[in-house]
Each structure stands twice: as C-alpha cells, then as structure tokens.
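**Q** Using the sequences and the hints, build the whole thing.
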Amino acid sequence: MPLGEVSLSPQPWPWGHPRVLIEHADEAVGMSLAGGLRQAGYSVAVCPGPAQSQRCPLAGDQGCEAAHGADVVVSGLGLGTPQAREVLAALRSRCAGIPLIIEVAAEEKEEWPDLLEGCEVLVSPVAPDELVAAVQGVLATQGQGG
Amino acid sequence: MRNPFRTEAEAFRFLLVTVGAFAAIAVASLVGGAWVGVPVWAVLTAGAAIFYLVQQRGTREIPTAPPHVGGEGERRILVIVDGAAADESIVGAIEEASIGYRKRVLVVCPARASQVDHWTSAVDGAHAQAQRYLGESLARLRDAGIEAQGEIGDEDPLRAIEDALRTFGADSILIGTPPEGLEDSSVRDVVAGARARFALPITRVVINAPAQATAARG
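Quick note, the sequences are listed as chains C and A, same order.
The opening position of the first sequence corresponds to residue 11 in the working numbering, with each subsequent residue numbered one higher.
The opening position of the second sequence corresponds to residue 47 in the working numbering, with each subsequent residue numbered one higher.
For the record, the hints were derived by calculation from the structure and aren't laboratory data.
Beta carbons are placed, not taken as given, at the ideal position from N, Cα and C, and that holds for glycine.
Treat the hints with care, as some may be off.
To be verified - Derived DEER-like restraints, expressed as beta-carbon distance ranges:
| id | chain 1 | residue 1 | chain 2 | residue 2 | range |
| --- | --- | --- | --- | --- | --- |
| 1 | C | Glu120 | A | Ala190 | 54 to 62 angstroms |
| 2 | A | Glu107 | C | Gln49 | 17 to 25 angstroms |
| 3 | A | Glu107 | C | Gly128 | 29 to 37 angstroms |
| 4 | A | Gln177 | C | Gly128 | 50 to 58 angstroms |
To be verified - Heads up, incomplete: computed chain A residues facing chain C, CB under 8 angstroms, no partners named:
| id | residue |
| --- | --- |
| 5 | Val89 |
| 6 | Glu107 |
| 7 | Pro109 |
| 8 | Thr110 |
| 9 | Ala111 |
| 10 | Pro112 |
| 11 | Pro113 |
| 12 | His114 |
| 13 | Gly117 |
| 14 | Glu208 |
**A** Here is the structure:
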C-alpha cells in the first residue's frame, strides 16, 4: 500500500436492526437524512466517505463492518471522483446482498448506467422523507424476494 | 480512545488470547525452567501492545445512532452533566432543543473516578459527587418546570451516553461542562468524542455556575 494511503476499519454496529448506513460527503446533509430515518425507526450510521489520503476499507483487505452489518446502504458520495466510484464498485461486489440506494446528480445517472444497474437511484437533492420511502421500498422488495 | 471491549466478540477474543498467552508461558516454564517463562511473558506482552497500537491506528469511528424512541411528537433529550450541576443555561438549551415537541429529559452524571481512585478502591467519593450533581441538576430543572429522570452514569462519559441511548434513546444530546479555563482537557475530549461516535445533534452547553456546585460539594 503506498505511503499515505490508509485503510481504516470502522467499528461494528452497537444498535439493533434495521440498520441503514448513509455515506455522504456533506456531514450536515448526512445527519439530516439520518434524522429522518431515525424517526422512521431505523438505526443509522453516517460515514463521510474516504478522505483524500485515505482508502475506503471496503475497497481494501479489511472490509467495513458498518457496511457488512447494514440492512441498507445509502451512498450520497456521487460518482464524480475515482474514489467515489471505487466505493460504489466495492459496495456492489462485497455487499451484494445488501440493497443499495444511490443519490446522484442527473447527469451522473446518464453517464454511469453500468455502475448504477440494480441499484435504487435517487436524483439529488434527496429529502429525508423521500429517502425513508426509498428505504422502505427496497426492504419491502427484498422481503418479497427472500 | 476506542474501548477495545465494546462487543462480546472483542471481549471473547481477548479472553482467548489471554488464555493462549498464559498457556505459552506455563509451557515455557515447565520445559525450560521457571525463568524461561519471563522472556516469553515479555515478548508476548510487547507483541500484544504493538498489535493493539497498530489496530488503534487503523480504527475509525463512524457515528451511529439508535432509532427514535417514543411518539411522533415526542423529543427525547439526553443531558450529560460533567463536572458541574445543571443551571439555567441547560434549561434554555432543553427548551430550545424541544421547540414544537413534547419533551422527555434524562439527566446523566458520569461518576468520574481517577486512576488513583481505582487503585485505592476509593470510587465512592466520585459516585457521591456525581449523586450531588445529579440531585442539584434535577432540582434546578424541576424549579424551571421541567420534569426529568436522572441517573448516575458510567465513569467514562461516552460509555454513559451509549448506555443511556440503549435504555432511553435520545434525539439530541446536551453536554453540560464548566466554562473554558475551569474545565480539564478530558471534558473537551468528551464533546469531540461524542460527536465522532454518535450521529445525533450534540450541543455543548457551558454551565455558568460551577461555584455553586463547588460550594455544594463541600
């Protein structure tokens, strides 16, 4: 691993199910979305995503306990940077059984259709109520399927 | 600093490692004589310390929060009173955090015991002081028309918050601390640590009446 590239392993979830991991670079937005989900009965975790010199543990050897222990993962990191796309690719491959909700800009939705295939896609900005409905929808769909 | 025993799995892993280490020391002592166990113990201890430090470097706190507890129009507020008793500034912060909602308030006073207190088993003083802060805090809130529950919390304020979130739940956390200059660095660490660990609105409230609390202690 190159110098300065740090892989960090988040702690396990201390709370019960259902759990939603929110990845959002804007802390205030992430907390606002988390507040809406809490009101709807979900445990939440808010991850700001990897910093410039860091690597998301999901993309490294360690994995991410917060992501593996979640029932739904919401990614609001966008697709504009290679790091954000690496996180999404890692979520898709390593958390294949966990529903993914992706918040993207309208133009990103057109540009990266392969990356978004099979994910619930919301166009930003996403309101807390809209996210709650999406989470309820993917969990209901998963319940029907399995 | 993150508690290395936050989960049953971590505590069980620690137990297994400890049993294994003692077994290795015992075997070395039986095979090579009593003094052979000493360097084995030293090597194992150094190895465990290095492993722990490396793990600490690679661990990242992701803030989490449990679901909302209570009715839709209810706002639960957890008040941590650390190193002083609640005063009017806490009352104002509670009112502000619960605007438009029916409020439920839990006051937790961590029983802060120093390492020396633990070594000398003199933790009763810390518990008694926390009890005094709690009694004063509840009385002041009652005077202001706020009915609150209260309890003595874990000596680690972050653990006290986590315990309270498990039983009471909370939609926001107020951390009451003495003013700048009177606080110690551990109080600032509590606020920063809480923001790093809990995905809830966390407000630091400076308590302006530490003198009264000090007077009440004596």
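**Q** A separate judgement is required for each hint: does it hold in the structure or not?
**A** Right, here's what the structure says about each hint:
1. For Glu120/C paired with Ala190/A, a C-beta distance near 56 angstroms keeps the hint of 54 to 62 angstroms intact.
2. Range check, Glu107/A to Gln49/C: Cβ separation about 23 angstroms, and the 17 to 25 angstroms hint holds.
3. Remark: the range hint 29 to 37 angstroms for Glu107/A to Gly128/C is upheld by a beta-carbon distance near 31 angstroms.
4. Range check, Gln177/A to Gly128/C: Cβ separation about 56 angstroms, and the 50 to 58 angstroms hint holds.
5. For Val89/A, the shortest C-beta to C-beta distance to chain C is roughly 26 angstroms, which exceeds 8 angstroms, and the interface hint is violated.
6. The interface hint given for Glu107/A is met, as the beta carbon of that residue sits about 6 angstroms from the closest beta carbon of chain C, less than 8 angstroms.
7. At about 5 angstroms, the closest approach between the beta carbon of Pro109/A and any beta carbon in chain C falls short of 8 angstroms, and the interface hint on this residue holds.
8. For the restraint placing Thr110/A at the interface with chain C, the shortest Cβ-Cβ distance is roughly 4 angstroms, inside the 8 angstroms limit, so the hint holds.
9. Given the 8 angstroms rule on beta carbons, the hint for Ala111/A holds: about 5 angstroms separates it from the nearest Cβ of chain C.
10. The beta carbon of Pro112/A comes within 4 angstroms of a beta carbon in chain C, closer than 8 angstroms, and the hint placing it at the interface holds.
11. Interface hint status for Pro113/A: upheld, as the beta-carbon distance to the closest one in chain C is roughly 5 angstroms, under 8 angstroms.
12. A distance limit of 8 angstroms between C-beta atoms decides the matter here; for His114/A the minimum to chain C is near 5 angstroms, and the interface restraint holds.
13. Because the smallest distance between the Cβ of Gly117/A and any Cβ of chain C comes to about 11 angstroms, over 8 angstroms, the interface hint for this residue is violated.
14. Residue-level restraint check for Glu208/A holds (minimum Cβ-Cβ distance to chain C is 6 angstroms; threshold 8 angstroms).
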